[in-house]
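Q: Here are the chains, one letter per residue:
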Amino acid sequence: MCGTTRACADPAHRHVRPFERGAQALRTGRRTLLTGATAAAGAAAISVAASRPASAVVPTDTRRRAYVLVIDGCRPDEITRTLTPHLWALRQGGAWWPNARSMPVMETIPNHVMMMTGVRPDRTGVPSNAVYDRALGEVRDLDQESDIRVPTVIERLNAQGFTTGTVLSKEYLYGVFGERATYRWEPTPTLPVTGHAPDVFTMQAALDMLEADPHLMFVNLGDIDRFGHADVTGGTVKALRTTALVDTDHQVGRFVQALKDAGTWERSLVMVLADHSMDWSDGSDYITLSPLQEADDLLAGQVAIADNGGADLLYWTGPDAQRDEAVDRMLAIARSADGVLRAFSPARERARYRLGDEAGDVVAFCRAGRRFSDPDPWSNPIPGNHGHPATRPIPFFLSGGAGVVPSGQVSSAQASTMDVAPTVATFFGLRHGSRVYEGRARI
Amino acid sequence: MLSGAAATGLTASALTASTGTGPATAATSTHQTQDADEAAARRAGHRVFRHGVASGDPLPDAVVLWTRVTPTREASPGSGIGPRTTVGWQVAADRAFTRVVRRGRFTTGRGRDHTVKIDVTGLAPATTYYYRFTALGQTSRTGRTRTAPSHDAALASLRVGMVSCANWQAGYFAAYRGLADRDDLDLVLHLGDYLYEYGPGEYGYGPDDVDIRSHEPAHEMVGLADYRRRHGQYKTDRDLQRAHARHPWVVTWDDHETTNDAYDDGAENHQPDTEGDWPTRRARAHRAYDEWMPVRMAGTADLRDGSRLFRRLRFGTLAQLNMLDLRTYRSQQPGLTDGAAIDDPDRTITGAQQMAWLKDSLTNDAGTPQWKVVGNPVMIAPVTFAGLPSRVTRAVDDVTGLLPDDGQPYNVDQWDGYTADRREVFAHLQDEGVTDVLFLTGDIHSGWACELPVEAGDYAVTRESVGVELVCASVTSGNLKDITGAPEATPAVEAAILANNPHVKHLDFDNHGFCVLELTPERAQCDWFVIGDRAEVDTPITWSVSWTTEASSNRVTRAAAPLAGTPEEVR
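Chains W and L are the protein sequences, given in the same order. Each residue of the first sequence is one higher than the last, beginning at 1 in my numbering. Each residue of the second sequence is one higher than the last, beginning at 1 in my numbering.
Certain hints may be false.
[Claimed, not checked] On the chain L side, residues computed to face chain W include the following (Cβ under 10 Å):
1. T280
2. L318
3. A319
4. D360
5. N364
6. A427
7. T435
8. D458
9. V461
10. T520
11. R523
12. A551
Hints in this document: simulated from the structure, not taken from any laboratory. All C-beta atoms in this analysis are idealised placements derived from N, C-alpha and C, irrespective of residue type, glycine included.
If we strip away everything but chain L, and leave its shape as in the complex, we get:
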């Protein structure tokens, strides 16, 4: 997979002297390049590309490429030291790089934590490309990416990996292994909580919060160096590196990329007295995210132009992906029993600008793609829990933050705590006759398939739904059985929630894993894959359940089998 600069003759200096397009002059074998790269690493005494490669935000003619270089052994993430380094990059139409279509150079340094982020343009739509970086005589592993189809392309299907909530300390990222092993994905969608802020001993594995592996730095991340070090640590994970190298990613953040239960001017897990002012902390978190993730913020790969994360990506006439940022602009979460605040139209989860943008995205104007997909960090389907005893609601709340002890029906950290905004979105969908709206959600460490009721209270009678929501489980973050230590209690909880919420059709509170979603003009199908024990690196991955929504229906129904092409070993 790796390609050596020595073998190709494409050293960094050669690359920097030869920018632009055109065929490469040498082909190399995988073995040759691996040997050469390892030899170069030995000579240098360290690996320059130790954090992998990544691509993201594919457009019909462009894609963001990412890597990080470690120019000296001491220039570790967050160290703030290390020389300016020029990095060469290549994009080729073939894995052997015999047909290089774009190449260039990029100079990085300590001011950006030696990360490299390039928006490569001039590419062909719906095309698979291979890319790699060179620096200091070493060559990165080869990444594979794929551009989006042209805006008017009629796609037969789009297949997306869905994942969220990866907590390093709680276990190994087998879910990323599952995505990396798939050869049938057009992209991976990360719905937030890509990393966690806690220090060792907090929020780990099981009821006792055991660290399967410990966070670096060994304290809650607060400063810019902390955020950089934590990003750097996560990107050393083998399965995460493989998943990034294998597919383009489209990402959004939730709260833990900054800190727990964040809102516009604070967070539950932010103490101004000891952790400084909130805008500064958030700006540091956003800066590190921009440096370390293959994403266009404020519409570009440039780090200097702002941190707007909500954006659209289009995939022919089949789908438009609308990625939300539900942390930066939201009002503070209301009290759990503060019904007036929960319904207060002056409170917002999106902010006014993003709300207008979202409604503009969710239209049926001529030329709007069929599936209006929303990358939605927190759940939008209403969830009420009337009738559950408080001992149960406390356990559920520990997992998801869903419930107050007295059984009030709202999770105030998700759309349930911002009902005016939800009503505005749902009313818009009804008013404009918008069909095929699909919210894809993470955050709550459990798998859900829901219809989206105009009025939850009488949904059993009216069945008036404005869309569908599919929620993926967590990679490792604790779920119900992890918190209670009593998996035998879960089925009764799930049954009670399903009974109280007729629009919720599927709920799995106890598994970790990932989803694979396929969109076609006829339907969307979501497969849930679950892992075994997250404390084991090689824990097995198996198919759990599939749900489908037929076009125009706003309903979900159980599917009998996973998608065609699902590897036999995980069926």
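Next up, chain W with everything else stripped away, as it sits in the complex:
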């Protein structure tokens, strides 16, 4: 489930919302809003870090630019010549990995974090959108800057004297990447409920940030995902979704044209990918595990569930001494529930899933056409969901005129969201050891 959880929406809670933190950064002077030549008139609010990191060794080719465009929630089969001509042209003219995959849990925050860190959730600390925070005693979104435990390529670039920018349409992405980038767009206006800025505004911010000209710009376009979540015709004609695809494609076309008009295209790498794809369920196709767990004598009152749409994360909150027995029962109950594809213990299958302790004691994936709705049947009414394996396939292609992307190349290799950071690092010539990234550079 992509929506903002109750915990982080509660202003009385000590968990500070991302926008509030952004405002504090401006009030305290840690960041300042761009003005003058680098901020277009009447344009988006782009802040810049007040103290830029001391420049280290100046890279040999500082004219290079990398743009990572995340078409949030897009399915690979939605890139077509007729529906999305600009994206299709980028794919056909660049290098394409049709076998690309999102990584578990197939949610927005963990996969964006994997893009920028190049490693799995047991190292990032971010396995899903929502987790049960044991210290907090609440389910919350992983939208705090401190939630990411490892350096991102943003920070690695900054440390080497490059400049970076984030243009992230969703409040929780804005939050989790925090003040890492040199330039940071404060997403506005955001829609109520969805907590995201429409692509037309997000793209305008990206175009405005081109004026600041960061070496790396990381852009999330949220409409395809957000309209997909809300599309009650998702299982049939996909009316809202199709509208979003057409518009987002248009926005991408604007961005590419701006690069070409500015002469930047010839020295650019443009990465286009999704964080996950999308699946739709009917109103009654929900799975609610909470009452099933509550009906068990041992588990009653001692299981917390973080609902992630296509995945439920279950946490044993009782005594450690009873954890093994509790996990066995949680697994058995989840596996017996209609619509559950599989349930597993991240700790017991650590090597396979690499989700880390934050993922809890049991993770359950739903089948295609189903969704989790916990703790209540009405907790997750939205038709479009992801997080489960049905939503793993993603579009993934590279383009740009920097001469590092062979035109028309198609590869059978299984690219993943983790490949973004090492690709960007390689593009800028960052040196790194073999263990820094688990993804692979695709140039």
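Got chain W; can you put chain L on it based on the hints?
A: Okay, now just chain L, sitting in the frame of chain W:
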């Protein structure tokens, strides 16, 4: 092409004394070897290698080689007589056998119908090899084969010949000629009905079942000797021999390798009262198949270790070929109007073990190749025929077994008769987000290109597809016009089926031929080639149509031209 033992000095005894690897010491010209071989055949009074050579199931380091020797004139297939014979074999990196990389000997005899099957190991991946056999002073023709690429190789393409349903009595195997004439194939995929069980006068050419050439033995094959004789007869076909010698083959069976409409404990064309018990008959058919085909059954070339035919072959990161056996484990076909049985989850077409294996094959686990190709003996796309008049459905049913007279929408001999298993496979593909799944199918003597709908009923609206199915026509087995004798009626039938099944994008009910499929990371394209009159040995072959599926799309679209490299004479 043939290489003579006399000219090379590599007699059978010399070969048997020199097993292992190492360069050969003599090179010979084609003419020299042909002359020597013919001279040896004259001296012996018969040809020892009269059934050709074959290779199959290529792995990165291994390939199965096959031949059959006729040690005496009387030791014909199925005769059960003839002496034990030691056969030498060589594998070389060049056609002249100047660089022999593997060699050895193999002793065969009447217990295995004098067939020879060797799993040659220690080969290099993605490499073309030449092979030949020697025995009794004669040398076989030279075969060419190619190993699969290493598992992590990034292939630019894989080109596969597709063929099925070759009925000796219905005509000549021009489709095999078309495959043999291609120099651009990595392998040939045979999807079943490699031979037919019928006796003369049954299931022949045209509405009157005329035999263009008659089966041996002159009765339905039932006993082990019958199956052996029939295999032996088919393998005397010149075009089939050339196609086997030219390319490695990957094969599976359908029903006619045993008998029509087979299932786990019986068959439509098996009468226990007169033909004995079913398990025995099937075991004989499987035994003969194992003896006569270049295939690893139960994972080996050994004849003694079982008849499991479903298996995987991998071609780098590009493709994994999953070959199904849909006859051995399936439940009996339901009645044509028995909807409850058709949907009964306790009935199966795969069997539980094969279903688990298939689902395990069709995954997106890290390291799984991009294209998940299924060698699928019977059609999996749902086909409904609502709205067709019964006179039409009867004609279609005669060809394909697709239809009951009352127009019920299922062919109960294909996946349409086992809808629970199909739902399980399709649900698995959806649940796991598996992309680029390609079912390659034979069986129904017609060409199809289909998308695979999650729900056929509302596909026109949802267009939710989990894969693509491509169906090749038959080599010779009767199609719609052959049965009706009225080709002018076919277009209306095809149009009605296409209209009723929006996921079916291409249907050709009236042609025989073969397909050439090319897989690349970007797309799969299938070219259909059709033949003229199957009653004519030299009937022409022409390109008919091409369809393509783009990676990740689960859709098929018409392609404007056949694949690059298609010979001009068949364009």
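Q: Work down the list of hints and note, for each, if the structure agrees.
A: Right, here's what the structure says about each hint:
Contact between T280 (chain L) and chain W, as hinted, is not supported at the beta carbon level, the nearest pair being about 43 Å apart and thus beyond 10 Å. Checking L318 (chain L) against chain W by beta carbon gives a least distance of about 5 Å; that is within 10 Å, so the hint holds. The closest approach between the C-beta of A319 (chain L) and any C-beta of chain W is roughly 8 Å, which is under the 10 Å cut-off, so the hint is satisfied. Hint status for D360 (chain L): violated, given a least beta-carbon distance of 14 Å to chain W, over 10 Å.
A hinted interface residue such as N364 (chain L) counts as satisfied when its beta carbon comes closer than 10 Å to some beta carbon of chain W; here the least separation is about 6 Å, so the hint holds. Taking 10 Å as the C-beta cut-off, the interface hint given for A427 (chain L) holds, the closest approach to chain W being about 7 Å. A cut of 10 Å between beta carbons decides the hint on T435 (chain L): the least distance to chain W is about 5 Å, and the hint holds. The restraint placing D458 (chain L) at the interface with chain W holds, with a minimum CB-CB distance near 7 Å, inside the 10 Å limit.
Contact between V461 (chain L) and chain W, as hinted, is supported at the beta carbon level, the nearest pair being about 5 Å apart and thus within 10 Å. Here the hint on T520 (chain L) is kept, as its CB sits about 7 Å from the closest CB of chain W, short of 10 Å. Using the Cβ-Cβ criterion of 10 Å, the hint placing R523 (chain L) at the interface with chain W is satisfied: the shortest such distance is roughly 9 Å. Hint status for A551 (chain L) relative to chain W: holds, with the closest Cβ pair at about 3 Å, below 10 Å.
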